[in-house]
Each structure stands twice: as structure tokens, then as C-alpha cells.
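Here the protein sequences line up with chains A and B, keeping their order.
Just so you know, we're using the numbering used here here: the first sequence kicks off at 71 and counts up by one.
Just so you know, we're using the numbering used here here: the second sequence kicks off at -6 and counts up by one.
Take the hints with a grain of salt, since some may be wrong.
Unchecked claim - Derived pair list, reagent style DSS-like, types lysine-lysine, alpha-carbon separation capped at 27 Å:
1) B/K8 with A/K287
2) A/K247 with B/K70
3) A/K247 with B/K33
4) A/K247 with B/K152
5) B/K28 with A/K247
6) B/K266 with A/K247
Simulated from the structure, these hints should not be mistaken for laboratory data.
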Amino acid sequence: MKNIKKLEPIPAKLREDMPNSKLGITFKAWKALKPNKHKWRNIRWSVLIFMNFLFWVSFTFDIGILEGSLSGSRFIGIYLMDPFNALQEMFIGSRTGYFAMLTTNFFIGLTVILMFYFLLGGRTFCSWLCPYHFLAENAEKIHNYLVKKKRIKEHTYNIGIKYIFWVGFLLLAFLTKNLVFENINPVGIISRSIIYGPGLILLWVFALLLFEIVYAKRFWCRYVCPIGVTYSAVGKLSPMAIKFDLSKCGHCRDCQDVCLVPHELWFVKRGEATKEVHFAGPDCTRCGLCVDICYGDALSFNIRGFEKIM
Amino acid sequence: MKKSKSDINRRQFLKNGAVAVAAIGAVGIGVNYLKYFSEKNNKSLLRPPGAVDENDFIYACIKCGLCVQICPIEAIKLAGISDGLSYGTPYIDPREQACDFSCDAMQCVETCPTAALDFLPFKKAGENALITYQKENPIPGPDYNPFVVQSLSMKATTKMGIAVLNTDTCLAVKNKGFKGSPRENEFTGIYRSPNPKRGERKASLVNDHLFNRDICDLCVTECPIGDTAIILEENITSDGQKLWKPKILDGCTGCGVCTMICPTAPSSIVIEKLEQA
Chain A
71 MKNIKKLEPI
81 PAKLREDMPN
91 SKLGITFKAW
101 KALKPNKHKW
111 RNIRWSVLIF
121 MNFLFWVSFT
131 FDIGILEGSL
141 SGSRFIGIYL
151 MDPFNALQEM
161 FIGSRTGYFA
171 MLTTNFFIGL
181 TVILMFYFLL
191 GGRTFCSWLC
201 PYHFLAENAE
211 KIHNYLVKKK
221 RIKEHTYNIG
231 IKYIFWVGFL
241 LLAFLTKNLV
251 FENINPVGII
261 SRSIIYGPGL
271 ILLWVFALLL
281 FEIVYAKRFW
291 CRYVCPIGVT
301 YSAVGKLSPM
311 AIKFDLSKCG
321 HCRDCQDVCL
331 VPHELWFVKR
341 GEATKEVHFA
351 GPDCTRCGLC
361 VDICYGDALS
371 FNIRGFEKIM
Chain B
-6 MKKSKSDINR
4 RQFLKNGAVA
14 VAAIGAVGIG
24 VNYLKYFSEK
34 NNKSLLRPPG
44 AVDENDFIYA
54 CIKCGLCVQI
64 CPIEAIKLAG
74 ISDGLSYGTP
84 YIDPREQACD
94 FSCDAMQCVE
104 TCPTAALDFL
114 PFKKAGENAL
124 ITYQKENPIP
134 GPDYNPFVVQ
144 SLSMKATTKM
154 GIAVLNTDTC
164 LAVKNKGFKG
174 SPRENEFTGI
184 YRSPNPKRGE
194 RKASLVNDHL
204 FNRDICDLCV
214 TECPIGDTAI
224 ILEENITSDG
234 QKLWKPKILD
244 GCTGCGVCTM
254 ICPTAPSSIV
264 IEKLEQA
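Work out the full structure: start from the sequences and follow the hints.
Following this line, the structure appears as C-alpha cells:
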């Protein structure tokens, strides 16, 4: 596959080709045409809170709909398995020779999860299910506010270091024969705290959130979390993706401002796009924030190749 | 212009990457320290039935808590941060709530998705028990129930630990009897009595059972396994005096009902983990 980023970019759009010029109105008036709505965010937050609530309800009231926690669960009898945990298990098993933990249910759980997130694509798990994401998404807003008020400075790192962490955690598991990552994983910690009651280890999660608020925006999700890296690898070639239509774009870049992973929307900058149609990359969480805000409806949920079949 | 941008990127990656590697190294050192620390203190938790060797258990368990959810008497709990690397793994505190086999056939083991609680030995034991039963009784008796035959053998296969008696505090050893409810008033532990009242099939509060024994033998009579696990041994001294002592046999599964029901405080009978091979 050719790297579409390295292709020659399409010449920047001329003034008369902008969507507002076509309608014969100013850019500001064009932006004001779109009502301020939060459709996808509301749907997403509802799903996230409902699913995490369902875990709690299933245990507390003993109705076996969604048992277990986010590291491994059973949804109406079907096992589900966290892929990064599964990967660590297999790595450690290859060292100790104890493969008994690779049961039928283990593989059923893994297969179901892999298929599900391949279809949805990218890091869908993150924005639609992960309870830490929900906290971090709101912490990000506080962070942005503080930066705007010039109380704190923005600190960014290279997003490539998440692959170092991914390899590192696998290596650690292999060397220490322990699920090291699961011990410090805020996703599992919060999930267990919701279901089985809170513990002292929540202090670690709060410390992490505090760090994200006052120092580096979305530090854990962007630069560390190997669960997200695993999911983005699973959903890389997914049929579902955010589609970008250059002809409808006004290059206001508001979508990049709200985007949780702005580097995946690199093509919205004027003169950067290399094709008329782009799809957001594997780190995209399918959160729909850009779809909500886009004034020209240039960004939309799309199933790749669906139009061709029709 | 473009080239310098990618150069900056590469430099940033190397710089941040070095910090990341250092962070992972620090976590690794921390893990090894905790491991050394817990081995030194020999602090290991009593695991639910069917748990594999602790060294394998610690990574095979993904801390999902399915065993906690399925246990009908809530005997299984998840370890807290004070247990170091065991954080989030299941354990049983028999003094608070023992496993009394109320679920009949190893539900926690069956539900475990990663065989940290390994169902295979139980499955084999159940199948063998059925075969043996059919050989011994070519024509099944009127009260034949394959489920009961299987679950009995599965219970007997369990080996969570073994009961150990403290002869200094045991009432029977002191030749004392016991009267009343076994535990302090606010105690909420439940169990299913092996000698149930008529119609009683579910687990009930330990303190709802009233006992009146000349020689305290609660650990013996309330044992869910029966006389293959624990018996009350009678010794007669040379001057004709009778001495009593609960004797733990090989059949003990380490379920801990004796620990929970023991009326002395602290319990005169505790569950110890088996030495691992």
C-alpha cells in the first residue's frame, strides 16, 4: 500500500471554490448556517455510561446480562476477552509452557472481540466503552480551558512512543511472568471499581488524571495505552471509517480542534490533502465529534466501498 | 522545509522514546521488587477451588472477576492494592465467608475464561465417578441422579488447602462442650448445613443454627465433605479419662467451613495453603 501522506498534494483550493463562495455568502455566515449540535457525542456518552452501568447492574442485582469486567466478560453467555491481555497471556505461556489457560472460551472471547472491532474499526473501544476515556475526555476540556487562560503550558510528545510502550509492556510480561500492565491499567481499575467497589488504587488513576489536566493533554491515551494500540491494529483495515470529502471542506479546521486524535485529520489543512476523498486512519476512535461540528458535512461516518456495491 | 520537519520529529521520537524505555524499566524494577518482597514475606492468599500453581495463577488470572460474580454465597473477593502484585486477583477468607459448595458443582471454576481456575481435573473426576457408579450399579437405584454423583466427586477433588488445628485453644481438646450460636452477633457468614432441617436447601446464616454439644464437634459435624475429611478422635488415657481431638484426614478440601464455624476467637482451626510442588 502506498503511503497517501507522501503523495503529491492537490493544489490548495481557490477562494471561489470554497463552499461559502459557491453559495455567495461570507465564510462566517456559512459557518453560522449549521446549528450547534452534539448528536454523536450524546449517543456515544449514553452508550458508554449505559454499558458500564450494565456491568454494575448485572453484578449487583445478579442478572447475568453482562458479567465480568472490561478485562474479560460474558455478554449473555458469550465470552469476551481483552486482546492485549490475551496477547500477554500467550507471550507468558510461551515462556512457562503452561498453555492450559488458553481455553476454548478464551479463544471464543478473543475471536468475537477481534471480529467486532475489525468491523467497527480503529479505536472504537476507546471512545464508546472505555471509562477512563470518559474521564480523560472531560479532563481534556479542563486542560484546554487552563491553557486558554494561560495558567499552564501545553506539553506534547511524539505519538510514536506508544509503540515503545506496547512492546515494552509485552516484554515486561514475558520477563516477569506477570500481567504487569493489568496492575497499572486505569481502564481495568476503573471498571473493577465501578463493579466491585472502589479501592485505594484509584489514587493512581486520580494522579494520572491530574497529570493530564495540568501538564500533558491526554497523556495516557495518546502516548501510553497499549490497549488502544492493539485495537487500532485490529481495526486498521476496517470497512467503517470517517470519510473526508475535500470538495465540501472549508478548511476552518474546527474539526481538528475538537478531535481526540488530531493527527488523524491531517488532511483537513488547506493544501495538505492528496486525494479528493480521505479516510481517517487507525487511531481514529469513531467518536463523531468532527461529524457533529463540520459545517459543510465534509466529514461523515462511512462504510468503505458501500457505494460501489450499491 | 519538509526535511527539517521530519528531522525534528525523529529527534523528538528518540528523546521521548528514551524516557519511555526508562519508565518501562522503572516499572520492571518495581515489579521485581514487589515479587521479591512478597516471596520474602511468604504472603500468599487462599485461592478459590481449582486454582493452578500460584506462579501460573498470577498471570493466568486476568482479574475479570467472573468467579466473584458467579459465587452464590459471595465467598470470593478481589484482593486490594495492599496485596501488591496480587491486586485484583480472587481470594477466599474462610473466617469471614467459607466456600461451602453451595453452588454444587464448581461454578467459579467452570466460569473462569483463562483456566486460572482449571476445570479439567473436575471434569475428569466427574466423568470417572459416573463410569464407576455405572459399573457398581448396572441397574441404577431409584434415587440415582448423575448430577449428584458428579458433583460429589468434584467436591472431593477440590484442594484449596488443608485445615490445621490449634490444640491450645480447641474446645474439644480442652474437653469442653458448646451451646448456642457459634459466632459473634453481627456475623453475616452463611453456609448450607450438611444436616439440614426438613425442606431447607439453601444456605442460611451461621448464627441461625443453634447447637448444644457436650463435646464441641462443630467442625466435624458441619463439614460439607464428611468423615473422609475430618473425624473426632477419641483417646483413652491409662487412668481411664477420655480425651477428644478433631483429626484432619487426607480428604480435607480446605473449604474452610470449619474455620468459619469454630466458636473460639480466633478460630482454633485454620486453612493453610498446600506446599506447592
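Going through the hints against the structure:
1. B/K8 with A/K287: holds (18 Å)
2. A/K247 with B/K70: OK: A/K247 and B/K70 at ~23 Å, within 27 Å.
3. A/K247 with B/K33: Measuring from Cα to Cα gives roughly 18 Å; hence the hint holds.
4. A/K247 with B/K152: holds (24 Å)
5. B/K28 with A/K247: holds (10 Å)
6. B/K266 with A/K247: holds (21 Å)
Consistency with the previously given hints is maintained throughout, with no hint failing.
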